[in-house]
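**Student:** Protein sequences, first through last, are from chains A and B.
The opening position of the first sequence corresponds to residue 1 in UniProt numbering, with each subsequent residue numbered one higher.
The opening position of the second sequence corresponds to residue 1 in UniProt numbering, with each subsequent residue numbered one higher.
Hints are not guaranteed to be accurate.
With a cut-off of at most 30 angstroms between alpha-carbon atoms, the simulated BS3-like pairs for lysine-lysine come out as follows [claimed, not checked]:
no.	chain 1	residue 1	chain 2	residue 2
1	A	Lys637	B	Lys262
2	B	Lys637	A	Lys125
3	B	Lys139	B	Lys637
4	A	Lys625	A	Lys637
5	B	Lys637	A	Lys643
Honestly, the hints are just simulated from the structure, not real lab data.
So the chains spell out like this:
Number of protein chains: 2
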Amino acid sequence: MSLFSSHKPADQAQWDNFGVDWVVHYQFEALEISKAVDEFESLLRDLDDAHLETQVRHGHGASLLVFIRVPSAHLGSLVYHSRVKDWLYGIIHELPVGDDDTIADADTPAESLRSVYHAVTWQKKLGGAHITPRHGRWKNVASAFPLHDQAANAELLRKWSRTILLTAEDLDSIRALFGEKVAFYFAFIHSYSLFLAFPAAWGVVCWWHWGSYSIPFAIGDCLWAIVFVEYWKIRETDLSLRWQVNGVGALKVTRTQYVWEKEVRDPITGEVVQVFSPYRQFLRQLLLVPFASIASLALGGLIVATFALEVFISEVYTGSLKGYLEFLPTVIFSLCLPSISGLLNSIATRLTQYENYRTQDQYDLAQTAKQFVTHFITAFLPTVLTAFVYVPFGARLVPHLNIPSFQGKAPADMPRDFSVDPGRLKQEVMYLSLTGQVLSFGEEVVLPYVKRVALEKWREYRTRQAAVQNRRRVSQGTSQVLFDDPDESAFLSRVRNEAEADEYNVHEDTLEMCVQFGYLTLFGSSWPLVALGFLVNNWLELRGDFFKLSLECQRPPPIRADSIGPSLQGLEVLSWLGTLSTAAIVYLYRDGMAEIRVSSLLLTLLLSEWAYLGMRFAVSTGLRKVLSRTLRREAAKRYAVRKGYLKATASEGSPPRGKLRVRFRGRVSVFTSATDPPSPQSDEVLREAMLHTERRFWSRRPNQVLEDGVRIIRALGQGGPKIEKEL
Amino acid sequence: MSLFSSHKPADQAQWDNFGVDWVVHYQFEALEISKAVDEFESLLRDLDDAHLETQVRHGHGASLLVFIRVPSAHLGSLVYHSRVKDWLYGIIHELPVGDDDTIADADTPAESLRSVYHAVTWQKKLGGAHITPRHGRWKNVASAFPLHDQAANAELLRKWSRTILLTAEDLDSIRALFGEKVAFYFAFIHSYSLFLAFPAAWGVVCWWHWGSYSIPFAIGDCLWAIVFVEYWKIRETDLSLRWQVNGVGALKVTRTQYVWEKEVRDPITGEVVQVFSPYRQFLRQLLLVPFASIASLALGGLIVATFALEVFISEVYTGSLKGYLEFLPTVIFSLCLPSISGLLNSIATRLTQYENYRTQDQYDLAQTAKQFVTHFITAFLPTVLTAFVYVPFGARLVPHLNIPSFQGKAPADMPRDFSVDPGRLKQEVMYLSLTGQVLSFGEEVVLPYVKRVALEKWREYRTRQAAVQNRRRVSQGTSQVLFDDPDESAFLSRVRNEAEADEYNVHEDTLEMCVQFGYLTLFGSSWPLVALGFLVNNWLELRGDFFKLSLECQRPPPIRADSIGPSLQGLEVLSWLGTLSTAAIVYLYRDGMAEIRVSSLLLTLLLSEWAYLGMRFAVSTGLRKVLSRTLRREAAKRYAVRKGYLKATASEGSPPRGKLRVRFRGRVSVFTSATDPPSPQSDEVLREAMLHTERRFWSRRPNQVLEDGVRIIRALGQGGPKIEKEL
């Protein structure tokens, strides 16, 4: 794909991040200048207290960009202590060698960025600066984020555009750049897409031989779903051990919003633990049940109403403007959906806050679980209604829709011999699998990209015009801070764009894949080619998601996780529902709706459910048996570590000490082995040039930084409305 | 209970084990004397090579008892190395302090006996004597077992006969005496019996208000089953952490019978691992499916035939001898059952051997899983037939049993208006819960006890007579080894009885409880008082099982386990089947068999299954949330250990070394704190006397021991048949 391969290595200099580890985006548009100056001063003081170096530049509009760099010795110490903490909590089995003054070398950029993230966001008593964007004291901090490694991103995109399969090293690279949470999503979509090959091929065979609603495809599809879910469970453990994040949830720090009932000194560890009764939390969690019921009713009612109206208009109504009126219900539904979803989401957020989770992880998981409910209803209910209510019972139900007063016609005008087209389910599934996926891809990736590029161009144009007009209106010093140094301008405009970009939400992408999986298991049997469509879509989706992540979103903080989260339970439920739904669809539709008997249908459901339970047990036992290699490898590793330790203490009487390591310019290679090593000569020249600009960028001392910031605030805050209009 | 409280503390001397750690029972009845002498010599040599002290006495008949004692320094070293191995495999988190020469003090008798067990049975390259009873070189070794701690056993029995509930300390005592595998069974029966209190009470209430087949009891019963199974899963983890055996299966040694495909040097640990393809093993395990099918068909066919014959005779046949003929089918069934069970068991054993498990643990589990299938069929199929075939459809089926040629009567003589008594199911359940349990208790505990006591008395009588007759027939030296020293005679007769006793099979007792649980969940709704019966029965069963274990069986080697094994899966399946069965029984029987509709029945089943799945999910989530304390405590403990280690290495530069400990006479107290300390004076005298006899018992040197043994073999083996008849 030529779109991705146009980057040349010479651009590398332009992609340099000037040694910036983190950026804080401070907005003071709605603030008084004195207040803004105060806040800015305390921001700088807090960062300085946490041993972080800072520089300041202006952002888009009335905002400041505070650039943060962690001195390399301090960063090395943070990395080392983070590893010791991992060991204390049993995440890793090998005690990192060293003592309190050890400076460790991060294995991946994500590891060092995670330590930077902790230094910026952790509470002060834990050694951080406690900068919490959009919360409490820092509600004017719009965001705090690391900068993208553009060269590595482009390299990955370029590589993937030429290959079909991702390798284990590709996943390791994502992990190295964005942390485990994001890497788990890409591992998931990759495994899932690979597995899709089976239903895609089997679907083509079955479609060729038996057409839709065939029993062989139904069985293959359900079995496939069970095998995939069980496989993924093992794969997840495998990855979490490979990436050394198994059980990482235990060491996450307490959220600022956490309310505890009492502080207890743990009798065993001696640490002070903040306790909130798990029993009360469980009671609060039970509120999910009424929430899910209300959400189901609200969304379900809306969907049923829309559906009924649509059917009424398209199949019964014969009046004027029929062509336009047919679209009316869908339009109304689409208009209502955002506000209803928003309402439900705000209720969900409140519920999750009320449930009072200790760590951000648990909070996110609980929130995602609630989004599941609403997502699943909006995604599946319309098709469920078509498959199990409208087509089988439509002929009996639709005549009841005839309300004379609404239509102003006599009932006699109604078509008495109304019959429902049994192919409607197939059409709906075809539409959703082909056009639906393409449209959603465009909406998700292409449209934002076009919008962003257009906005950038427009801004550039306006800035250039404003610059010409304003050059003489400000003092020398202010002009120096308001107008970019030519060396920095490309870098700064990139950072400004990243500051305005959206945050990347990995849960949403995972959810999208779960919905796709659900479509395949629930309704796949009605059109076996659907898996093929999904397979093609996912090739693009994987790359599109990475494109979105690396070019349209802020780089997410490299958070660790040991699973794709509650989506796993969603997949399990879907594979179970899928078996029931597939059995019912095949039973109902195979003979074209001829002679449906309730008892046979129920027996089909019961038998398919037993088959599901039996197969799931067999598959999980068998897979665990055959794929137990990783777990054994993990045990062997721990054994080896302990054995080595034992030997070391036996011979020396003390564990070996680590040697001091020095980080070079705070940069670590993503790829363990580069495929084409750059020519050392040109590389040296380039590095020299980059080092020079970087040194200049960080040249201003702390009080000068403070001065610069205050000057920008005064210039933009006071004259803000004026200049803002022009910028 | 006066049966147990008659023991006086003065008996303590009589219960002393003379410092014997292990006993090997060698039988040479069918052997030539020279061969027997050779085998005995190599037995002594192997034991001596493994640094074990030996003494020899004659047993019942043509057999030798080889008494083994592990020198206390050697035992302490074994215990220490076993702990280091635990640490290496990640079973415990704290590295035991010490070095290669450390002598550790066992925490419990079970821990030291486990080391003795390893010293006796492990392969020579692992440092053991490799004595494998009834296998290979040692097929003439009838058994090898530790001696009971009679005082502790009696103390526990006495304590339990006075209380209703067991405490955590009681379970710890069982663990200290018999090891974790046995302790898990007692923990299970205790938890289960406690939980039974709810259905017992609820059953009485429901029976009072609504009688049989009531919906409230059915719901309560099913919910209870789900809660119990989920609770037990957590409780099991809890106990395995408390007893430090979690994941203990990983460090078990390879069985002698294990066949491996290749030996591979593990790239990580550097240890040589014997590999057998898990894929091939899984394929072999799949043979369980045809085995289960064949077993079901064979047993099922037999049961159906018996059932049909019984029904035919009792309800249709009107000829002569009816009173006797009625019992004929059951008698035939009972006569056939042992041989069919035996055949199935021998097939099961072959299958399990073919499946080729590396450790004895895995082998036992696989064998037990197969016994499950046969046990469950024989236990539940008759009642299932009554509940779901005979009573609902009997009126339609029974007339077909009328075969004129068999009966020699005209079909017209048959009662045409045949109807089945709907109360039959209730009667069957009542019989099984009350008389059945009492009978099985008698069969299992009381009968063997009576038999054993009678046999002992008879043997004593014959021995005394033979002694009078034979005194002058043998030489002085032989007489010395053939007739017991008066000081030892009580001890030796006790050991001889233990040598002849059965091995204790903990899986069978567990299985019995699972069958009881199955009765309650499957058929409990037909007579709600059944749980009350089980509750009373289990009070006795728990004590009876301990009585059997401590007085009628050999003391089992203190094997470790971290679960009750495959029974857990059996419980899960039963709680699921129970929901379906209860729903069906309540639906069918509630209105006295009036208007049964297949579609309603199927709907009932489907809905109850969904309710089951939903409830199980909710219960397991909720319980795990509320009962997560232990897991957190475990994590906290590991944290504390690592923290402490970190501090120690930081300040000293090396982990603290352990001090040498000395074991006193190889005895460790079972109870951490005795309730009534014995008076020191009389205790001292007693101890002095015991020490004296013990010293005399162990006074003979190795070559004297060999001489003694050879002499016994010559005396009993040659004149064996003669003397044996008289002894």
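**Student:** Going back to the hint list, which numbers does this structure go against?
**Tutor:** Hint 3 is the one this structure does not satisfy, whereas the remaining hints hold.
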